[in-house]
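**Q** For the record, the sequence lines run as chains S, C, P and Z.
Counted from 1, the first sequence has number 48 at position 31 by our numbering; the numbering is strictly sequential.
Counted from 1, the second sequence has number 41 at position 24 by our numbering; the numbering is strictly sequential.
Counted from 1, the third sequence has number 42 at position 25 by our numbering; the numbering is strictly sequential.
Counted from 1, the fourth sequence has number 268 at position 251 by our numbering; the numbering is strictly sequential.
Just to be clear, a hint being listed does not mean it is correct.
All copies of an identical chain are treated as equivalent in the list; a pair is satisfied when it fits inside any one copy or across any two copies.
[To be verified] Listed next, the in silico EDC-like pairs over lysine to aspartate or glutamate satisfying Cα-Cα at most 20 Å (straight line):
(1) 240 to 184
(2) 314 to 184
(3) 314 to 187
(4) 314 to 231
If you are wondering where the hints come from, they were derived from the structure by calculation, not from laboratory data.
4 protein chains.
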Amino acid sequence: MKKVAIIGASGYTGAELLRIICLHPGLKISALAADRNAGKHPHEVFPGLRNLELPVLEKFDRLDFSDLDLVFCALPHGASHTVIRQLPAKLRIVDLSADFRLRDKTQYLHWYGQEHAAPELLQHAVYGLSEFYRGEIAAARLVACTGCNAATGLYALLPLMTAGVIDYGDIVIDLKTGVSGAGRAAKVATLHSEVSEGVQAYNVAAHRHLAEFDQELSRAAGKPVRVTFAPHLLPLNRGILATIYVRGEAGEIHSVLAERYADEPFLSVLPLGQHPSTRHVRGSNYVHIGCVADRRKGRTIIFTALDNLTKGSSGQAVQNANLMLGLPETAALQSVPLFP
Amino acid sequence: MKKVAIIGASGYTGAELLRIICLHPGLKISALAADRNAGKHPHEVFPGLRNLELPVLEKFDRLDFSDLDLVFCALPHGASHTVIRQLPAKLRIVDLSADFRLRDKTQYLHWYGQEHAAPELLQHAVYGLSEFYRGEIAAARLVACTGCNAATGLYALLPLMTAGVIDYGDIVIDLKTGVSGAGRAAKVATLHSEVSEGVQAYNVAAHRHLAEFDQELSRAAGKPVRVTFAPHLLPLNRGILATIYVRGEAGEIHSVLAERYADEPFLSVLPLGQHPSTRHVRGSNYVHIGCVADRRKGRTIIFTALDNLTKGSSGQAVQNANLMLGLPETAALQSVPLFP
Amino acid sequence: MKKVAIIGASGYTGAELLRIICLHPGLKISALAADRNAGKHPHEVFPGLRNLELPVLEKFDRLDFSDLDLVFCALPHGASHTVIRQLPAKLRIVDLSADFRLRDKTQYLHWYGQEHAAPELLQHAVYGLSEFYRGEIAAARLVACTGCNAATGLYALLPLMTAGVIDYGDIVIDLKTGVSGAGRAAKVATLHSEVSEGVQAYNVAAHRHLAEFDQELSRAAGKPVRVTFAPHLLPLNRGILATIYVRGEAGEIHSVLAERYADEPFLSVLPLGQHPSTRHVRGSNYVHIGCVADRRKGRTIIFTALDNLTKGSSGQAVQNANLMLGLPETAALQSVPLFP
Amino acid sequence: MKKVAIIGASGYTGAELLRIICLHPGLKISALAADRNAGKHPHEVFPGLRNLELPVLEKFDRLDFSDLDLVFCALPHGASHTVIRQLPAKLRIVDLSADFRLRDKTQYLHWYGQEHAAPELLQHAVYGLSEFYRGEIAAARLVACTGCNAATGLYALLPLMTAGVIDYGDIVIDLKTGVSGAGRAAKVATLHSEVSEGVQAYNVAAHRHLAEFDQELSRAAGKPVRVTFAPHLLPLNRGILATIYVRGEAGEIHSVLAERYADEPFLSVLPLGQHPSTRHVRGSNYVHIGCVADRRKGRTIIFTALDNLTKGSSGQAVQNANLMLGLPETAALQSVPLFP
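So that you can see chain S by itself, here it is in the shape it has in the complex (with noise of 0.2 Å):
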């Protein structure tokens, strides 16, 4: 058994963490880390994980790294940096937050607004887009999880770049959000009064996930990509659909995604015409793609849909741990979807 421990245990993404690990073959949670927690157990920040045995939450600086074979680090972005660049060189580390998927530190300044606090780890970070990066997240130290809006848009697009089948030019993708990608701390636009029976856009055009789509579009394609992005808050609490708007044909789009994806286990491409439902891949860490004509020619619209915190997140997290560790890709990550 591998030895890991978590930092930011008591946020949604430590949670689901959490949820997926303590199933895990070949991973044992050693410590755990929660300031404002610190002293409590797991179950009494989350009640659901009572029946579980797991560490008490401690302060960071209190953890014992001696001993562990991985750390996943789920702080918000902005914490991340200063507290990863404390971590012992040899650890091995997995973050959820976003301080190290930009490679280019000015980026992060731009969208950030800060200063990047280790630009010496940032240029061996891998930006974690498991199926994109295997190799090189086996190898890493470090470890970028993908933002989730970004990865739901990534998973349609990037086969794309390379395959000539849609304008570079013209990609509109108009994402639908669940609320839990805004975290557990309090807020009044997360209320359930100010959230529930309604829906309107947030950051349009100025989310800064955009940094990751110019990155990795533009790196796949080998030119500058840049899209139109517009995220909708919905009122449910997990998943994304990703409805992106191009110009090409579907049949040809599909055959490039099905044929990508054809061995990958957690990607299902749909029959052509169809589309998919976040409800189906709630709390899984599956992702389903659709293709679907548009009545005009040479339009196509494709869906993405994932759950934020599974794959968007935290499952992508374990099967990033999975390919560092040598453990099977899939170990801990084949729960079907609950639905309803």
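Following the hints, put chains C, P and Z in place on chain S, whose structure we already have.
**A** Coordinates of chains C, P and Z only, in the frame set by chain S:
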């Protein structure tokens, strides 16, 4: 007091008509038809109507039309055209179904899969988008209320069709709608367990409201305009948000819309850069429109929010009836959105 | 037109007061206080108020009270008593907080954990359960609106206290409430992710509204009455359902309630054996009461449903203001429940 | 690997069986019957099952039972008894319907309004409340799973029936349940628009699970016990919370429950004074029980929370199958609750 009847009073749009009209200072409900529920009091079907004095529900063929000034027809499409053709020739009608929206009967056959039963009425029917057909509506015998999805898109797009500020060939409408628009019929797809906690598209690139977009946008532009349209079903009851991606400068588009709607009592164009939420128009006849510049130059995202049962259907119907009967256009329609 | 002000206009009960009063034929909103949001227009806080002409929000100490007929105080408990003691001695006040509901200042200290700041006002304050204190309310300077949970239980129980049809020693109130009653403050416990898709009790056997049950039921019965009370938080915004288990014959209980409320404009007693739903009173000032005989002889289950923000708070407040100012009691309060 | 089949695989309990069993280390799904959906792959009915290797759905009369170790019958009550009587005499059966729960066929006639079709099987059927009938279940041919509402109440009450710590004549069960328990049939009453944003009771004092309470509580107590029972429908999918009002000391009741369940893998008794939430057992086989002392001496409120589809139905069914087949009782049932 003008006397009105409602045919199809036991669906959601029928209930919404009752909710609005019972506080109307100029309308009196003289008769209600609802075949399956004939013999019941309205509050036996909708307990929230308990405190109102309303006529008993009757079968359609028992209605006495001799004394009526106007009838609202809230039947499903396909049922409405056969019922309306039986009404007295002088009776004025506001139809909430799709049966008289398409001026061309071959289009009706194409989109609705049946011959139109009353083509002779079709040519005199007026499309009920109040703010764009005021004069015709005031004079019409038969007004066909706009589809709720179509209205949401048209409010944003119609003023742009002649202003020359957008590219007519590149319009994408990503629409998010609540479930009450699907009506009160028992269907697996609209069960709580199937709708809550998830999102997916439906009728992608094939929704019947495309016929209304085609008809109205082309008419306004003076040439064929075809949009891309993907509606999505959301876990909420009331509300439609249209997110519309166009090529054009946000400032110019905002000016055209702000000027067009400056004197409209029910339409608000938010300051440039702001965008609306459906929860701030819920239960009201108001429409909120916002324009946001994309980070890519020359691209703009327009948002329209309205309540599908009010401005998208029954509120619109009362607004049209007000116009037809010479009553103040806003009578009974100024109730404030219910939040939260 | 009588001139009124609202203190605490940027919470949910403040917004609900604005929603109701702006269509009131006899009240005009002259001033609005909201310390944290001072300087904003109300629609910047509640975008649904966009289409109304309303004064700008001000700091409390900037308000001019000289010309006002009545002020609504929608501050939280604890804040209200210190503000109200500063108001001009002749100004009439409807307070929506708990600060003036308990006649005995030692009870206030016990339940709210602080000394009452204005005990001299407490002895003249009138409990604002409109249907039971009409005369006193009409004559009062200061009316303290009933707590939303307390009102829901009291409507079912108060008429029974003198009728001799139930056992006063065996009353169980199981209450289900929506989340808007918890207000608009940012708290983890009322986040969408924490409230939706689940249910649990809160403040079991310790909720502060117990003090109101004790006070009002004992006063009506002429002897101490103590109930068992367990409130539960439900994943909905508006609505309270009280399920009340008593010993007594359903027919007798139903008769007492039906007779008591026969002439009340806002209370409906359903036919014996029927029970209400909160969704059929949502957004309205109506209360629906039902009585069902248990299969065990001599036991009855009584149900009361109301909207916590309307009849449970701001609607009740307007009803009381109507009484105080000699306006028709139902003015501005007859809007029909919003369904669905 | 033991071979099992599921009859009625296209309802919610059927889907939940598939979700659980497909990760079961000791069970293999050999056949699936679903008459209306015969010929389809399971993922065509439940897209979340897309990534599993499962047999195609067949008509019941096409199933080959010769090689099976056990069959799960997930048909509605009324259909189940006629199907089960046709099964081979040696085949072991776990029935999820109500058809074999009541030992007395006259009770079945009374509560379900029809003659029992297989009374000869009824007398050998074992009531499937795993923790109370372990031995009988292990030896049984036919096990009838407990109703979800009944299970929720029985876990709190059964241990108290012989402990002498409560008054058997004064038990009130106020139950709150999610909508998935009503199944996947299309009904107006379970539409999203009819369920969300509201709450009401249903089948008050007349719910069929009363028959299970009567049977099991009386049997445990050794004398007739009759409870008051009012179930309520909540706007959530999964989860039941029973709030049970009894006469007895909280400390004593808590001790009895804590001792009874100390070694049970799926039952947790929270510390005295704490109470559970359904959201912390969602998607799991766990049951959380809490006891809170009322402020009135000698009265206690007991809370039980479970997931109606898992522990209340399909999880319970798998637990029983594990017992019957000599597999570890917790096999495939240890997944952690999904939160949020």
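**Q** With identical chains treated as interchangeable, where does the CA-CA distance between residue 240 and residue 184 reach 20 Å or less: within a copy, between copies, both, or neither?
**A** within (13 Å within a copy, 26 Å between copies)
**Q** With identical chains, the pair residue 314 and residue 184 could be close in the same copy or across copies; at 20 Å between alpha carbons, which is it: within, between, both, or neither?
**A** Answer is both: 14 Å inside a copy and 17 Å across each meet the 20 Å cutoff.
**Q** Up to 20 Å between alpha-carbons, please classify residue 314 paired with residue 231: within, between, both or neither.
**A** This pair counts as between: shortest inter-copy Cα distance 16 Å, intra-copy 27 Å.
**Q** At most 20 Å between alpha carbons: which applies to residue 314 and residue 187, within, between, both or neither?
**A** both (15 Å within a copy, 12 Å between copies)
In this structure, every one of the numbered hints holds.
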